[in-house]
Structure formats: C-alpha cells, structure tokens
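Peer 1: Given the sequences, and given the hints that come with them, work out the whole structure.
Numbered according to full-length UniProt numbering, the sequence shown spans residues 1 to 156.
Keep in mind that the hints are not guaranteed to be accurate.
What the hints assert, rightly or not - Derived SDA-like pairs (lysine to any residue); straight-line CA-CA distance at most 20 Å: (1) Lys94 <-> Lys50; (2) Lys129 <-> Ser111; (3) Lys110 <-> His89; (4) Lys121 <-> Gln87; (5) Lys110 <-> Asn90; (6) Lys50 <-> Val36; (7) Lys50 <-> Ile39; (8) Lys121 <-> Arg136; (9) Lys94 <-> His73; (10) Lys129 <-> Val107; (11) Lys129 <-> Ala98; (12) Lys99 <-> Lys50; (13) Lys121 <-> Arg88; (14) Lys110 <-> Asp123; (15) Lys121 <-> Leu96; (16) Lys99 <-> Asp66; (17) Lys50 <-> Asp66; (18) Lys99 <-> Tyr126.
Please keep in mind that the hints were generated in silico from the structure rather than gathered at the bench.
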Amino acid sequence: MLVDGKGLLSHRNVSEAHRWAREPTRILSGRDYIRVHDIRYNLFLTGQLKYRMCYQANIFCPVCPDRCHTIRHILQVYLRTHRPRVQRHNMIFKILQAKLAEVGFDVLWKSHIRSKGGLLKPDLIYWHKDTPDTARIIDVSIISDNVHLAVPYRRT
Numbered sequence: 001m002l003v004d005g006k007g008l009l010s011h012r013n014v015s016e017a018h019r020w021a022r023e024p025t026r027i028l029s030g031r032d033y034i035r036v037h038d039i040r041y042n043l044f045l046t047g048q049l050k051y052r053m054c055y056q057a058n059i060f061c062p063v064c065p066d067r068c069h070t071i072r073h074i075l076q077v078y079l080r081t082h083r084p085r086v087q088r089h090n091m092i093f094k095i096l097q098a099k100l101a102e103v104g105f106d107v108l109w110k111s112h113i114r115s116k117g118g119l120l121k122p123d124l125i126y127w128h129k130d131t132p133d134t135a136r137i138i139d140v141s142i143i144s145d146n147v148h149l150a151v152p153y154r155r156t
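Peer 2: Structure below.
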C-alpha cells in the first residue's frame with residue numbers, strides 16, 4: 001500500500017519544517033503561494049492522488065513509467081526537476097560560501113574525504129583562520145517519509 005505524504009502526519013508538531021509556507025515573502029506570486037500549500041498539505045495532483053479519487057486512474061509517472069507518480073517521486077527523483085533542484089542547491093551553497101569567506105572563514109565546497117568507511121562528500125566544510133583545528137560541516141539532506149519530522153531538529 002502506498003502512503004504518499006505519510007511524513008506530513010506530524011507536520012503541525014514541527015513548525016520549523018514548514019516556516020517557508022507559513023511566512024511567505026513577496027517573492028511568491030498568489031499562484032505560487034497556492035502551489036506551496038498544495039505541496040504542504042499533500043494536495044498536489046499526482047497519479048496517486050488521482051487514484052485515490054478514481055481507482056481507474058493511472059498511478060504511474062508519465063515520464064518514468066516504472067515509478068509511482070507521488071510528491072516524493074517528483075521532489076526527489078523526477079527527471080524533469082532533477083537539474084533545477086541541483087542548480088538551486090549549488091546556488092545556495094555558493095552564496096553561503098561567499099558569506100562565510102566574507103566574515104573570515106576558510107571554506108571548502110564539495111570536497112571529498114577518504115575514510116575507513118568509504119568516500120565522504122560533505123557539501124561544505126568551513127573553519128576560522130584563527131582556529132584551524134576546529135572545522136564545521138554543512139550538508140543538506142532530505143529526510144524520508146519514515147522519519148519523524150522532529151528528529152533532524154533534536155540536539156544530541
């Protein structure tokens with residue numbers, strides 16, 4: 001059984017995860033504001049949502065015929081959105097890299113670190129010139145639907 005949007009069950013308990021939709025900016029047009037909420041509330045018209053409304057609807061992606069057409073597929077796998085998603089990710093890190101360098105940090109972007117466990121590829125490593133023995137890593141990841149949304153925000 002497919003449960004697209006299962007991870008949204010607890011979204012009201014984790015306000016940080018949806019601040020982007022709750023506090024819109026002037027960048028969003030009215031149309032984009034509505035689309036943001038379609039995704040937030042799992043109302044984006046996908047094959048799976050159509051199937052819930054009519055069992056005769058095609059549940060598979062029109063571009064990737066072997067994959068179910070779900071929000072998760074569109075956001076994480078879909079061939080038509082992959083390149084823009086990677087470009088946006090890289091643009092954010094280029095801005096972050098410039099800002100960190102501006103305030104006095106040395107920055108490595110997309111570096112590869114060999115370890116006993118294999119090759120590690122963090123998005124960004126930065127350290128202050130005064131304390132080169134202490135480095136920090138920034139790596140963006142998307143959690144899957146089987147992880148409670150509050151888990152990434154917990155401090156260990």
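Peer 1: Decide, hint by hint, whether the structure agrees.
Peer 2: Here is what the structure says about each hint:
1. Lys94 <-> Lys50: Violated. Lys94 to Lys50 sits at ~39 Å, over the 20 Å cutoff.
2. Lys129 <-> Ser111: holds (18 Å)
3. Lys110 <-> His89: holds (12 Å)
4. Lys121 <-> Gln87: Given pair Lys121, Gln87 holds - Cα atoms ~17 Å apart, limit 20 Å.
5. Lys110 <-> Asn90: Holds, because 10 Å separates the two Cα atoms, which is no more than 20 Å.
6. Lys50 <-> Val36: holds (19 Å)
7. Lys50 <-> Ile39: Cα-Cα ~15 Å, so holds.
8. Lys121 <-> Arg136: Answer holds: Lys121 to Arg136 is near 14 Å, not above 20 Å.
9. Lys94 <-> His73: violated (26 Å)
10. Lys129 <-> Val107: holds (10 Å)
11. Lys129 <-> Ala98: Satisfied, since the Cα-Cα distance of roughly 15 Å is no more than 20 Å.
12. Lys99 <-> Lys50: violated (44 Å)
13. Lys121 <-> Arg88: holds (18 Å)
14. Lys110 <-> Asp123: holds (5 Å)
15. Lys121 <-> Leu96: holds (17 Å)
16. Lys99 <-> Asp66: The given pair, whose Cα atoms are some 42 Å apart, is violated under the 20 Å limit.
17. Lys50 <-> Asp66: Distance ~17 Å between Lys50 and Asp66 Cα, so the pair holds.
18. Lys99 <-> Tyr126: Holds, because 11 Å separates the two Cα atoms, which is no more than 20 Å.
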